[in-house]
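K.L.:
Residue numbers (our numbering), protein chains in the order written: chain A, 1 to 690; chain B, 691 to 817.
No lab work stands behind these hints: they were computed from the structure.
Ideal Cβ placement from N, Cα and C applies to all residues, glycine included.
Don't take each hint at face value.
Only part of the chain B face toward chain A is listed, based on derived beta-carbon distances under 8 angstroms [what the hints assert, rightly or not]:
1) H701
2) S718
3) I784
4) V790
5) M792
Partial list, derived from the structure: chain A residues whose beta carbon lies under 10 angstroms from chain B [as the list claims (entries may be wrong)]:
6) W350
7) G358
8) F366
9) G496
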Amino acid sequence: MQLQVPGPWSPLLGRLTLNAIPYENPILQVTFAVVALIGLVIVGLVLYHKKVGYLWREWLTTVDHKKIGVMYIIIGLVMLFRGFADGLLIRTQQVLANGPHAAGMLGAKHGFLPPFHFDQVYSAHGTIMILFAATPILTGFQNIVVPLQIGARDMAFPYMNAVSLWLTTAAAVLVMISLFVGDFSQAGWVGLIPLTELPYSPGVGVDYWMWAIQISSVGTTLNAINMIVTIVDMRAPGMSWFRMPVFSWTTLSTNIIGLTAFPVLGVALALLGADRYLGTHFFTAGMGGNLMLYTNLFWIWGHPEVYFLILPTFGVISEVIPAFSEKPIFGYVTMVAATFAIAGISWLVWLHHFFTMGAGPDINGFFSVATMLVGIPTGVKVFNWMFTLYRGRITYSVPMLWAMFGLFLLLVGGLTGMMLAIPAINYTVHDSVFVIAHFHCMVLMVVCAGFAGVTYWFPKLFGFKLDEGWGKAFFWTFAIGTVTVFSAMFALGFEGETRRLDWTFNTAWKPMLVVEEVGMVLYVISLVFFATMLVVSIRNRHKQRLAADPWGTSRTLEWLTPTPVPFYNYAVTPQVNTRDELAWRRKYGLENTKPDVYEDIHMPRNSGLPVILGALAGVWGFAMIWRIWWLAAISLVGIVLVVIIRSFDKNAGYHLQPAEVEAMERDLAIGAIMAEQSDRAHHHTHAEAH
Amino acid sequence: MAGSHSDPLAHPEVRQGSAMRYIAGFVSTVVLMGAALIVTMRHDLPYQSFVELVGGLAALALFSQATLFYGLDISRAQIWKGVSLILTLPLFIITVGLTVWMFQSLNQRTMVMPTSAAAASQPTLLQ
Ligand code: HEM
Ligand SMILES: [Cu+2]
Chain A
1 MQLQVPGPWS
11 PLLGRLTLNA
21 IPYENPILQV
31 TFAVVALIGL
41 VIVGLVLYHK
51 KVGYLWREWL
61 TTVDHKKIGV
71 MYIIIGLVML
81 FRGFADGLLI
91 RTQQVLANGP
101 HAAGMLGAKH
111 GFLPPFHFDQ
121 VYSAHGTIMI
131 LFAATPILTG
141 FQNIVVPLQI
151 GARDMAFPYM
161 NAVSLWLTTA
171 AAVLVMISLF
181 VGDFSQAGWV
191 GLIPLTELPY
201 SPGVGVDYWM
211 WAIQISSVGT
221 TLNAINMIVT
231 IVDMRAPGMS
241 WFRMPVFSWT
251 TLSTNIIGLT
261 AFPVLGVALA
271 LLGADRYLGT
281 HFFTAGMGGN
291 LMLYTNLFWI
301 WGHPEVYFLI
311 LPTFGVISEV
321 IPAFSEKPIF
331 GYVTMVAATF
341 AIAGISWLVW
351 LHHFFTMGAG
361 PDINGFFSVA
371 TMLVGIPTGV
381 KVFNWMFTLY
391 RGRITYSVPM
401 LWAMFGLFLL
411 LVGGLTGMML
421 AIPAINYTVH
431 DSVFVIAHFH
441 CMVLMVVCAG
451 FAGVTYWFPK
461 LFGFKLDEGW
471 GKAFFWTFAI
481 GTVTVFSAMF
491 ALGFEGETRR
501 LDWTFNTAWK
511 PMLVVEEVGM
521 VLYVISLVFF
531 ATMLVVSIRN
541 RHKQRLAADP
551 WGTSRTLEWL
561 TPTPVPFYNY
571 AVTPQVNTRD
581 ELAWRRKYGL
591 ENTKPDVYED
601 IHMPRNSGLP
611 VILGALAGVW
621 GFAMIWRIWW
631 LAAISLVGIV
641 LVVIIRSFDK
651 NAGYHLQPAE
661 VEAMERDLAI
671 GAIMAEQSDR
681 AHHHTHAEAH
Chain B
691 MAGSHSDPLA
701 HPEVRQGSAM
711 RYIAGFVSTV
721 VLMGAALIVT
731 MRHDLPYQSF
741 VELVGGLAAL
751 ALFSQATLFY
761 GLDISRAQIW
771 KGVSLILTLP
781 LFIITVGLTV
791 WMFQSLNQRT
801 MVMPTSAAAA
811 SQPTLLQ
């Protein structure tokens, strides 16, 4: 029943031909050269330092939630960079291609990107930023922090955790491959229908988009199950529900959203896939199909998805603000209630993304009111943060700066969201860049939480702080860049600029487009500062001696472990006595007590199967995209085989003996005092090799 | 806590499964969903009975999966499964219910009506 696809197809290579490689495009040539160079340098360094075995043993096969979390964050940051490059291209094209007389180059009538290329750039930008940058970064924090915060040794399912990571990675790799083999979707991150149907998008672009999302969302769903079970089941003794830190609460609620929402996306894309591959007519414009059905399904997932991003963001901010205000969070119980209220309401509002579809005043009215209800719990949260700050002993350290700028963005983004929730307003600004500015305030709040989290939890994991001076330079350029770009964008929205324009025809927009570009320059500078911050911090890492709580004012349980956190987390499972356990222990001078007896610790063993599964899933996706049926069949059989092999593996794990644990703990304590990081790292890996 | 999760076979949920149940679940699901597919592709039932039949087959498939794969029953040991299933019901009602309501109104207002008389009596987008 295979559909006739336009262009050549061969049994061996499917739709793949040499023409799929865009070697005549100068922008992609340069990109490819840079990516290849970076790749070679990394591979070279690994080989030169003989780290292949180390990489495989300690990272690729790990089931340790902290390392998995770190890898999630690294992938997220790499993709954030890729998405930023796309954003830079979009902004530069729009400012260059302004008005009827704008010059054109590189095959474009105006500017330097022809529509064919430009449309791929913004589609990739949105897909990457939401699914492959923001989501992995937040998932990474949840992986790292939640087990520590609730006093657990690891996630409930360490092996499945690794599977989730590698599925996400495989999908991200597919998106990157689309740069150099074939092309990406031109139908936006939302998959504008019926543009995504085969007759209108006959190439492989939509297939790249569709399969990448499918594969990564399986990973996200598995991770959601893992997080929920971990929080329900793995809390340390005494960690009752209402002693749980707010970040863990937000993780729980966000993953309930993830678990219930992602299957809807999976179904919507599977139906689209049936249309594209089997010739069904679920969403076609004729033959009994209904394209509104797709839009509806997409946003049933899409709106909960944006809250899937914002709730952990709220969680990070709820950890950072109390730590740097030296006060407990104000209104803890209302904070938790507001979190769940937001999660619940997020299921009732999806239609606000298509008020203009024409469902009528009753329907638009209902969804408008439902949307505005979100403002109540969100307002509760904002006031709680404000009251936490009020009369606090505030330290303006880098994480705190990010958190406070996040609050500012929440205010602007939330209020413009309320405007958009009013159908009468929405009819005038829907599909204008006003909407783009609204949601960039929100997603940049997510990015702020990302950087707040990176700077806040970094010393806990790695044993040294990120440089404050460069961190502040990074923060200020980034924040000012954000304000510059997006205030101009709000203005352009009111001036009637619609979204996704490859040619900004109206010359009246020029001044604001230039302002936006200036903001982009600030972003580029901020990136330089970010890189400098990393280099300087890593170079100076030996100069610091950090205690269990490097900030001195943290409040929650994760800071009770030695710094950096040993691979077994807690030598002895802690007994939790109150909310903000560490603050309580500090008050009574109990934060450094050592256990009298050590018990043996049961640890899971590493496994190479998850990374193999991820690779097979990536190959399978590639084969489906190019319609190489034999390869798809082989990789699918491979996946099934790996799952079967795994099910016969009892994976009994291994036990650390009490004496070993005691020795390692002593080692860690001495290391912290002597600040001999390299020596300690040596002992650390040695112990891990058991 | 240590050791409690070392042997997956010790978990009651895992013990509950058996090869027979999985095979039965697989076969019944394939048969029921295959039947629905065939009915849909033949196009020979009147609309009303078609919807009833496919709806009935879907309900049966759901039931066989819930009992045979998921191991849902009303015993105390399985309470978490029951609770989590029930907690998703409101979401079903919200999403499916609001969708039906929305499409009804949307079709009335935007779709071409079968008879011209009906079309004339319907409000248009601009009204
Ligand atoms: C105070 C709460 C919020 C309200 C009332 C709100 C309202 C809205 C409305 C009505 C739209 C549709 C605009 C249109 O297309 O005409 C919209 C779009 C959007 N919002 Fe929000 N929003 C809120 C919070 C958020 C949050 C927290 C996020 C993400 C973290 C977010 C992300 C988005 C995105 C991504 C879109 C545009 C999707 C697209 O068309 O590409 N919003 N918002
Ligand atoms: Cu929304």
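K.L.:
Hints first: check each against the structure and report whether it holds.
P.N.:
How the hints compare with the structure:
At a threshold of 8 angstroms, the smallest CB-CB gap from H701 of chain B to chain A is about 12 angstroms, leaving the interface hint violated. The closest approach between the C-beta of S718 of chain B and any C-beta of chain A is roughly 21 angstroms, which is over the 8 angstroms cut-off, so the hint fails. Interface restraint check: I784 of chain B against chain A, minimum CB-CB distance 6 angstroms, threshold 8 angstroms, status holds. For V790 of chain B, the interface hint is violated, since its Cβ never comes within 8 angstroms of a Cβ in chain A; the closest pair sits about 11 angstroms apart.
Checking M792 of chain B against chain A by beta carbon gives a least distance of about 5 angstroms; that is within 8 angstroms, so the hint holds. For W350 of chain A, the interface hint holds, since its Cβ comes within 10 angstroms of a Cβ in chain B; the closest pair sits about 8 angstroms apart. With 10 angstroms as the threshold, the beta carbon of G358 of chain A comes within range of chain B, its nearest partner Cβ sitting at about 5 angstroms, so the hint holds. For F366 of chain A, the shortest C-beta to C-beta distance to chain B is roughly 8 angstroms, which falls under 10 angstroms, so the interface hint holds.
Look at G496 of chain A: its Cβ only gets to about 21 angstroms from chain B, farther than 10 angstroms, so that hint breaks.
Hints 1, 2, 4 and 9 from the list above are not met by this structure, while the remaining hints are.
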